[in-house]
Amino acid sequence: MFSQFKYWKPFIGPFDPCKPIKVKSYSTPPHLYIGFQPPGMKQFSPKDALMHGTLWPQLYSPYPDPNKGVKKD
Amino acid sequence: MFYYEKKLQYPVRVSTCNPMLAKFLIEQYGGADGELAAALRYMNQRYTIPDKVIGLLNDIAMEEFSHLEMIATMVYKLTKDATPEMMKAAGLGDHYADHDKALYYHNAAGVPWTATYIQAKGDPIADLYEDIAAEEKARATYQWLIDMSDDPDINDSLRFLREREVVHSLRFREAVEILKEDQGKKKFY
Ligand SMILES: [Fe+2]
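Protein chains in written order, with my numbering: chain A, 1 to 73; chain B, 74 to 262.
To be clear, the hints were calculated from the coordinates, so they are not data collected in a lab. Heads up, some of the hints might be wrong.
Stated by the list, open to error - Using 20 Å as the maximum straight-line C-alpha spacing, the simulated EDC-like pairs for lysine to aspartate or glutamate come out as follows:
| hint | chain 1 | residue 1 | chain 2 | residue 2 |
| --- | --- | --- | --- | --- |
| 1 | B | K210 | A | D65 |
| 2 | A | K68 | B | D220 |
| 3 | A | K47 | B | D226 |
| 4 | A | K42 | B | E247 |
| 5 | A | K47 | B | D229 |
| 6 | A | K68 | B | D223 |
| 7 | A | K22 | B | D220 |
Claimed, not checked - Residues from chain A that face chain B, not an exhaustive set, calculated with beta carbons under 7 Å:
| hint | residue |
| --- | --- |
| 8 | P29 |
| 9 | H31 |
| 10 | F36 |
| 11 | G40 |
| 12 | F44 |
Beta carbons are placed, not taken as given, at the ideal position from N, Cα and C, and that holds for glycine.
Start from the sequences, fold in the hints, and give me the full structure.
What follows is the structure, encoded as structure tokens:
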């Protein structure tokens with residue numbers, strides 16, 4: 001399984017004027033990994049589909065990262 | 074021909090009186106990667122794109138108009154009861170000077186919408202790659218808007234709109250795959 005967010009550590013200079021943001025992130029939503037959607041993917045109920053903005057759980061991309069700050073091993 | 078349904082694609086609710094948010098949201102109304110640009114881009118490119126993907130551009134163009142309405146509703150609700158003083162304090166003084174509380178197609182910095190934001194190259198691959206890029210840029214804009222907004226109801230609608238960009242991007246990528254396919258060669262997905 002792919003991750004929906006990527007984290008990286010930018011260079012921090014000794015004379016940077018602002019408090020450094022040590023970890024930066026960007027979003028890598030599921031469509032980047034699907035290529036061509038196969039038929040028969042699992043579907044949300046109509047109401048959940050509306051709330052998520054897509055009929056397919058596999059296409060759902062949360063924002064911001066719901067696991068932000070959670071350490072993974 | 075259009076059939077108009079008198080409701081929004083997704084409910085728009087606004088929980089806080091925060092006209093400054095309207096100033097930022099207008100980026101998705103009349104900005105380069107906004108909903109107007111998206112709708113007009115696809116609705117125009119569809120005429121010369123191969124038949125197999127005309128329907129896709131048509132459908133997505135229509136949906137972008139529905140998104141435009143959602144953004145308009147947010148901006149309207151955020152500003153309709155703002156006093157001139159509140160407009161000034163929100164950085165909307167220049168907007169008020171020209172438009173009162175009327176909406177206008179410009180970006181967050183007040184630059185008016187221009188057709189140069191969109192292209193129709195006539196080359197289907199070039200056009201679809203532009204469309205994919207446009208969807209990713211719109212997705213990014215929604216991320217930055219969510220980052221700046223602390224209105225939970227607005228953010229709910231913005232997350233819906235962001236997800237739609239993800240789906241559109243996938244559809245345009247699939248369109249490229251369809252046009253790449255060797256003719257007469259059967260392939261099953
Ligand atoms: Fe879109």
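Compare the distance between the alpha carbons of A/K47 and B/D229 with 20 Å, and conclude whether the hinted pair is satisfied. holds (15 Å)
Just to be careful, I want the Cα atoms of A/K22 and B/D220 compared with a cutoff of 20 Å; is the pair within it? Holds, at roughly 18 Å.
Tell me if A/F36 is really an interface residue toward chain B, meaning its C-beta lies closer than 7 Å to one of theirs. With a minimum Cβ separation of about 5 Å from chain B (threshold 7 Å), the hint on A/F36 holds.
Quick check on A/H31 please, does its C-beta sit within 7 Å of some C-beta on chain B? holds (4 Å)
Just to be careful: measuring from the Cβ of A/P29 to every Cβ in chain B, is the smallest value less than 7 Å? With a closest approach of 5 Å, the A/P29 hint holds.
For B/K210 and A/D65, compute the direct alpha-carbon distance and say whether it is at most 20 Å. With Cα atoms ~18 Å apart, B/K210 and A/D65 stay inside 20 Å; holds.
Pairwise hint evaluation, B/D226 against A/K47, where the allowed Cα distance is 20 Å at most: Between A/K47 and B/D226 the Cα gap is close to 17 Å, so the pair holds against 20 Å.
Would you mind confirming whether the straight-line C-alpha gap from A/K42 to B/E247 stays at or under 20 Å? holds (19 Å)
Holds or violated: A/K68 with B/D220, Cα cutoff 20 Å? holds (13 Å)
Satisfaction of hint between B/D223 and A/K68, Cα-Cα up to 20 Å: holds (17 Å)
Against chain B, is A/F44 within 7 Å by beta-carbon distance? violated (12 Å)
Verify the interface restraint on A/G40: the C-beta must sit less than 7 Å from at least one C-beta of chain B. Result: violated, 10 Å to nearest chain B Cβ.
Checked against the numbered hints above, the structure breaks hints 11 and 12 and satisfies the rest.
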